[in-house]
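Residue numbers for the sequence shown follow my numbering, beginning at 1 and rising by one.
Incorrect hints may appear among the rest.
Claimed, not checked - For each label pair, taking beta carbons as the anchor points, the in silico distance ranges come out as:
(1) 234 with 93: 42 to 52 Å
(2) 121 with 68: 38 to 48 Å
(3) 152 with 93: 21 to 31 Å
Keep in mind the hints are simulated off the structure, nothing from the lab.
Every residue, glycine too, gets a C-beta built ideally from N, C-alpha and C.
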Amino acid sequence: MKFGTIKTLKYAVAGIIFALYLTPALAADSNRELLTVEAAENIKFSSQTITKAYFYKQQGVRVDRATEDLKKSLARLKKDLIIIQDGLAKGSKEEKNIVVYLEYTTEELLNLVDKPYSKENGALMIDYSESLLEGAEFVAQQHMQKGNAEEEMLVAVEEMLFFLERINKFYIAYQAGFDDYNNVVQLKQAVQDFESTLAKVNAYTKYEGITLTSRNKINEFWPVAKEFFVDIQRGALPVIVLASVEKLVNELEVLEDFHHKKASSNAK
């Protein structure tokens with residue numbers, strides 16, 4: 001065998017060995033990125049759920065359910081914050097500052113949530129939820145893998161779950177006396193955002209069986225639920241609004257599970 005051929009083979013073998021070592025590392029990095037994005041999306045969701053449940057509890061509407069939602073959401077927030085801390089441990093200075101910001105806001109929220117209700121504390125709960133949202137949104141945008149269709153669909157469905165919690169938060173806060181114009185605008189913007197994201201879900205062509213049924217149910221019920229949401233200034237229907245959100249959430253969680261499996265498979 002000629003020397004040049006042997007040398008070429010050595011390089012080829014070395015390349016294969018390098019690829020074998022590199023592939024698991026790349027897969028691990030890809031999976032870590034997905035976990036970081038999911039944790040950020042979860043924090044966005046929890047930021048709205050916690051404040052929503054806080055107001056439902058303080059307004060005496062389905063108190064047992066609100067108390068349970070509050071407990072679960074706070075536990076989930078702490079868990080997802082740990083994932084963010086791990087995912088951004090080697091991040092940029094800006095990302096590390098965001099982690100500190102999320103840690104501080106979470107601590108402040110945890111200290112406030114069990115204090116006696118007052119208008120001032122209610123306003124702080126809204127502020128903290130918006131602060132957590134802003135920080136988590138930054139992380140999600142920085143780490144979402146562009147061009148990964150399944151991950152983008154997973155995020156789209158998680159965004160829809162988030163929009164529903166945001167709608168519900170501003171609705172019950174309005175009933176608690178936080179009826180300024182900006183809160184109404186934010187609620188109606190969340191309704192529009194849900195609708196535009198639903199269009200993306202409707203354009204997805206791989207649903208079948210139970211996932212297709214769930215998507216169809218969302219489309220059937222959304223126009224009805226939407227009317228309750230946008231009529232915030234006409235009357236107080238918090239129990240109906242909560243039930244409407246829960247019905248949509250049940251179907252969206254079917255799609256979320258479907259896309260989570262697809263995105264996780266692609267990340268391996």
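Which numbered hints fail: 2
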